[in-house]
Structures are given as structure tokens and as C-alpha cells.
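S.K.: Here are the chains, one letter per residue:
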Amino acid sequence: MRFHPITMLSFFSMLFIMILIYSNPAYIFSLLIFLIVLIIIVKGEKKLKAMIRYGIYNVLIITAINPLLSREGQAVIFQSGRMPVIGRIKITAEALAYGANMGLKLTCFILIFVIFSMMTNKDDTFSFFSKTVHKLTITFSMSSNIIHRLKIEAIRVKEVMEMRGVNFSEKKLRKRIRAYYPLLKVIFISALEGSVDRAEALYSRGYGQYKRTSYTCMNMSFSDYIFQIISLMLLVFFLTGIVNGVGEYQFYPYFQKLYTSDFIWLTVLDFILILTLFYVWGCKRWKFLKYRI
Amino acid sequence: MNYGVLSAIILIISLLGIFISYERKKTTLKEISLIATLSALAGIGRVPFAAFPNVQPTTFLIMVSGYVLGPGHGFVVGAFATLVSNTFLGHGPWEPWQMLAWGLVGFSSGFIGKIRKTPSRLFLSLFAFFWGFAFDYIMNLWHWLFFIYPLNLKSFIAINAASFYLDIMHAAGNFIFTFFFGKDFILILNRFKKRLSYTQINNGQYVKNN
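Listed in order, the protein sequences are those of chains A and B. Numbering of the first sequence is given in the numbering used here, commencing with residue 45 and proceeding in unit increments. Numbering of the second sequence is given in the numbering used here, commencing with residue 4 and proceeding in unit increments.
Derived from the structure by calculation, the hints contain no laboratory data. C-beta atoms are modelled at their ideal positions from N, C-alpha and C, and glycine is treated no differently. Treat the hints with care, since some could be wrong.
Selected chain B positions facing chain A (in silico; Cβ < 10 Å) [stated by the list, open to error]: (1) Val-50; (2) Pro-122; (3) Ser-123; (4) Leu-125; (5) Phe-126; (6) Asp-187.
With a straight-line Cα cutoff of 30 Å, these simulated BS3-like cross-link-like pairs (lysine-lysine) come out [said to hold, decoys possible]: (7) A:Lys-229 x B:Lys-196; (8) B:Lys-197 x A:Lys-195; (9) B:Lys-157 x A:Lys-179; (10) A:Lys-229 x B:Lys-186; (11) A:Lys-255 x B:Lys-120; (12) B:Lys-120 x A:Lys-229; (13) A:Lys-134 x B:Lys-196; (14) B:Lys-29 x A:Lys-175; (15) B:Lys-197 x B:Lys-120.
Produce the entire structure from the sequences given, and follow the hints as far as they go.
M.R.: Structure, rendered in C-alpha cells:
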């Protein structure tokens with residue numbers, strides 16, 4: 045799946061802002077389900093499994109920490125006796141729910157980063173941004189490229205040093221550090237030497253001397269325009285919702301009631317999200333959309 | 004008032020400002036290449052040490068880069084090292100805060116480099132030790148603003164106290180890396196910095212080239 049970087053950036057930025065602003069667990073849960081289904085549609089089950097495991101861990105950690113730090117809330121689940129330094133531990137249902145909601149928010153944020161990388165092509169994103177912010181993109185692409193070279197260099201230097209009799213698997217930590225020290229120094233010097241060579245190679249090819257030339261032009265396709273309309277729908281929903289206090293929820297001092305209007309707004313949001321899922325699914329399945337991406 | 008959202012907005016705008024100024028600044032190709040290399044070294048340094056909780060040479064390498072290249076380039080190296088390392092370890096909403104924290108490591112080291120030309124090994128190591136804690140406190144601030152309620156001094160102290168063992172591991176790691184490698188790495192990098200520019204004698208006039 046190859047959508048235009050701007051299309052994806054605007055859509056996922058919109059989702060990111062919504063998750064950042066909303067505090068209502070029903071809205072956060074809807075967005076979480078949407079992200080999970082979207083990852084499944086674009087065949088990212090493997091990544092999803094790892095991320096869900098990490099997400100559950102986050103939810104548990106934040107849910108556990110929050111009640112220990114917060115004594116707010118009225119539905120007391122557990123209250124300990126007075127303890128030295130930390131005082132009395134009071135665990136409330138509100139603090140637990142607040143922590144769990146925050147954990148879900150964090151999971152949503154992580155999933156947004158995952159799905160964004162799956163729905164965009166890295167090269168497309170690089171070449172798109174290199175037209176406007178070429179120094180930043182070249183710095184980042186050089187950094188990513190050097191890592192691969194560093195790995196090869198490290199293996200090569202290690203082999204040479206082993207042939208000269210250096211033992212990297214010494215049992216004593218001090219001796220092992222002594223063996224690794226020159227290796228790190230050599231890699232550091234060699235990486236810096238490489239940086240000068242790379243700069244000279246780029247200069248000799250004319251980089252940075254004149255205005256950059258571009259051989260490919262990335263245009264928005266029909267599918268991108270439809271996605272932009274969906275992003276626009278989300279933006280309108282978000283802005284009108286913010287004016288009407290949609291997505292807000294108070295956990296403290298006691299759980300706020302949920303009103304019918306909350307569910308009406310939620311239904312509208314879910315409709316837009318289901319429409320998006322249906323569209324992405326269609327882009328993978330229907331020929332008339334598939335070949336227009 | 005949602006302080007978490009407010010802080011995120013301020014932080015993202017500030018980082019955008021810094022990146023725009025880097026983009027507009029007259030930077031030579033050799034400088035860009037050196038920044039990219041140092042960012043890659045610092046960023047990748049996190050990966051082999053991922054098994055050790057909070058011990059990594061990233062902070063040390065950013066500190067050395069900032070010390071030699073100056074505050075501006077130091078900040079950029081810190082910010083890019085975050086991007087590079089998170090490509091392997093996972094991107095997330097914590098990234099702008101990491102960029103800020105590591106950027107500040109490079110920035111402050113740049114100032115130290117301007118003030119003290121020949122610092123002692125112990126001074127540099129203590130500076131690195133300080134940043135071990137300061138970096139983690141900035142990251143704790145992110146956690147506190149986003150996930151904790153109520154936001155008061157008590158909860159702030161509690162969240163920093165909870166991460167004490169991880170903070171001390173980071174600080175001790177920084178101290179050891181700087182104590183054993185700091186001086187040598189600064190000398191090497193200084194030599195390369197000098198290689199980035201040369202002075203040409205042109206009709207009796209000195210012309211500085213990059």
C-alpha cells in the first residue's frame with residue numbers, strides 16, 4: 045500500500061491529536077479498535093502481536109503506578125495502615141480507571157507510529173521531504189546508511205584483532221574491557237574518516253553547489269484525494285466536537301456520568317472510522333481502487 | 004488545563020524552530036556528514052546495551068560531540084541520535100522528549116567546551132553523571148505530565164523516587180564511559196574538527212575554507 049506521504053501524515057496527525065485531547069475512555073477504545081483492525085487489514089499481524097504485548101505491559105504498569113501516587117477518588121478499593129515515609133496507601137477505582145485509560149492512550153500512540161510506517165513508503169517520504177528540508181533529510185538518511193557500514197566495519201576490525209591474538213571472550217570483565225577498548229577507538233576513528241570521505245564524494249558529485257534537481261514528481265492520486273476527504277471529515281468532527289465538549293471525561297473526584305449526546309457523537313466518529321476501514325480494505329481488494337493508488 | 008497537551012505543543016513548536024534554523028544555517032557538507040556519523044554512532048550505541056537497564060554510551064557520545072562541535076551542532080546530534088536509535092528500538096510519543104533531553108546534553112556540553120578548554124577527566128565524568136539523572140528527570144517529567152493525576156510536588160517527587168535505581172544506572176554508566184573514553188574521544192574528534200576547515204594563503208591574504 046503506497047499512499048502519498050502528505051495524505052498519511054495529515055490523517056495520522058489528526059488521529060494523534062484526537063487521542064491527545066480526548067479523555068473519554070469510550071472514544072479512546074474506539075480509536076484503539078480502529079487502529080488494531082487497520083493494522084490487520086494491511087497485513088501487519090506480526091507487528092501487531094508484539095505491540096499489543098508491549099501495550100498490555102504499559103497499561104498494567106501505568107494502572108499500577110497511578111493509584112500509588114494518587115489518593116483522589118471516592119470508590120475506595122483498598123486502604124492500608126500508616127506506613128513510614130509513604131504514609132497511607134489508598135487505592136481507588138477512579139485512580140485505577142484513570143491509569144488504565146492513560147495506558148490505552150499510550151498504546152494508541154505506539155500503534156499510530158507502527159501503522160504510519162506500514163502505510164507509507166520510506167523512500168517516498170524521504171524524496172518528498174528532501175525537496176523542502178534537504179539538510180534534515182540528508183542528515184537522517186546518512187545516519188541510517190552509516191549504521192549498516194558500522195556493523196560491517198565492526199565485524200572486520202574484530203576479525204583482524206582476533207587474528208592478532210586479542211581475546212574478546214575473556215572471563216574477567218576488566219580484561220574484556222581492555223580488549224574492547226581499542227576496538228571502540230578504531231571504529232570511532234574509522235567512522236569519522238568515513239564521514240570526511242562521504243562528504244568529499246558528495247561534493248565531487250555536485251551536491252549542495254546548485255539548486256537540487258528532481259527526476260521524479262510525486263503526485264496525489266485519486267485514492268489520496270478520497271483519504272484527504274476522510275481526514276477533512278475527522279477535522280470537522282473534531283473541531284465541532286471540541287466546541288461542544290465532546291471527548292472530555294472527568295475521573296475525579298468520582299466517575300462522570302455518560303450522556304446520550306456522548307454516544308451520539310461517538311456513533312458519528314465510529315461511522316467515519318468504519319468508512320476509513322472499509323475504504324482501506326477496498327483499496328486492497330477492489331481493482332478499480334487498487335490500481336489508482 | 005491539560006498540561007500534558009500544552010507541554011507537547013510547546014515542545015514540538017520549539018523542536019520545529021530548532022530544525023528550521025539548522026536547515027537555514029550555512030552548514031558545509033563535511034559538517035553535515037560529521038553530524039550524521041556522530042548521530043549514528045550515538046544512536047546505534049543504545050542497541051547493543053539494550054539488555055542493560057539504562058546503561059548506554061549514547062549520552063556520553065552526544066556529550067563529546069557537543070563539547071567539540073559546539074552547542075548548536077551538539078543539540079542536532081542529540082536530536083538525530085534519538086531518531087536513529089528509535090528506528091531500531093521503536094518510535095513513540097516519548098520521542099520529542101528524548102530529543103529535547105539528548106539535545107540539551109549536546110547543547111550544555113557545547114557551552115562547557117566554550118568555557119573550559121582543558122577540563123579534567125573527573126570534571127567531565129561528573130558532568131556526565133549529572134546528565135544521567137537530568138536526562139531521566141526530563142523523561143519522568145513527560146510521564147508525570149501525561150499519566151499522573153493530580154500534578155503536585157508530592158506526585159512529582161514520588162515518580163522521580165520510583166525511577167531512582169534506573170537513574171543511578173544511567174548516571175554510573177555515563178561516568179564510567181566518560182572516565183575511560185572521554186579524553187581520548189575528545190582528542191580524536193578535535194583532530195577531525197580541525198580537518199573540516201583549512202586556511203589558504205591567497206596573494207598574501209588568509210582565506211578560510213571549509
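S.K.: Indicate, hint by hint, whether the structure satisfies it.
M.R.: Hint check:
1. Val-50: Holds: closest Cβ of chain A sits about 9 Å from B:Val-50, inside 10 Å.
2. Pro-122: At 20 Å from the nearest chain A Cβ, B:Pro-122 fails the 10 Å test, so the hint is violated.
3. Ser-123: At 20 Å from the nearest chain A Cβ, B:Ser-123 fails the 10 Å test, so the hint is violated.
4. Leu-125: 19 Å, violated
5. Phe-126: This hint is violated: B:Phe-126 lies away from chain A, its Cβ roughly 22 Å from the closest one there, beyond 10 Å.
6. Asp-187: 7 Å, holds
7. A:Lys-229 x B:Lys-196: 17 Å, holds
8. B:Lys-197 x A:Lys-195: The given pair, whose Cα atoms are some 27 Å apart, holds under the 30 Å limit.
9. B:Lys-157 x A:Lys-179: 44 Å, violated
10. A:Lys-229 x B:Lys-186: With a Cα-Cα distance of about 12 Å, the restraint between A:Lys-229 and B:Lys-186 holds, given a limit of 30 Å.
11. A:Lys-255 x B:Lys-120: At roughly 39 Å apart (the allowed maximum being 30 Å), B:Lys-120 and A:Lys-255 break the hint.
12. B:Lys-120 x A:Lys-229: Cα-Cα ~22 Å, so holds.
13. A:Lys-134 x B:Lys-196: At roughly 57 Å apart (the allowed maximum being 30 Å), B:Lys-196 and A:Lys-134 break the hint.
14. B:Lys-29 x A:Lys-175: 17 Å, holds
15. B:Lys-197 x B:Lys-120: With Cα atoms ~15 Å apart, B:Lys-197 and B:Lys-120 stay inside 30 Å; holds.
Hint check: violations occur at hints 2, 3, 4, 5, 9, 11, 13; the rest are consistent with the structure.
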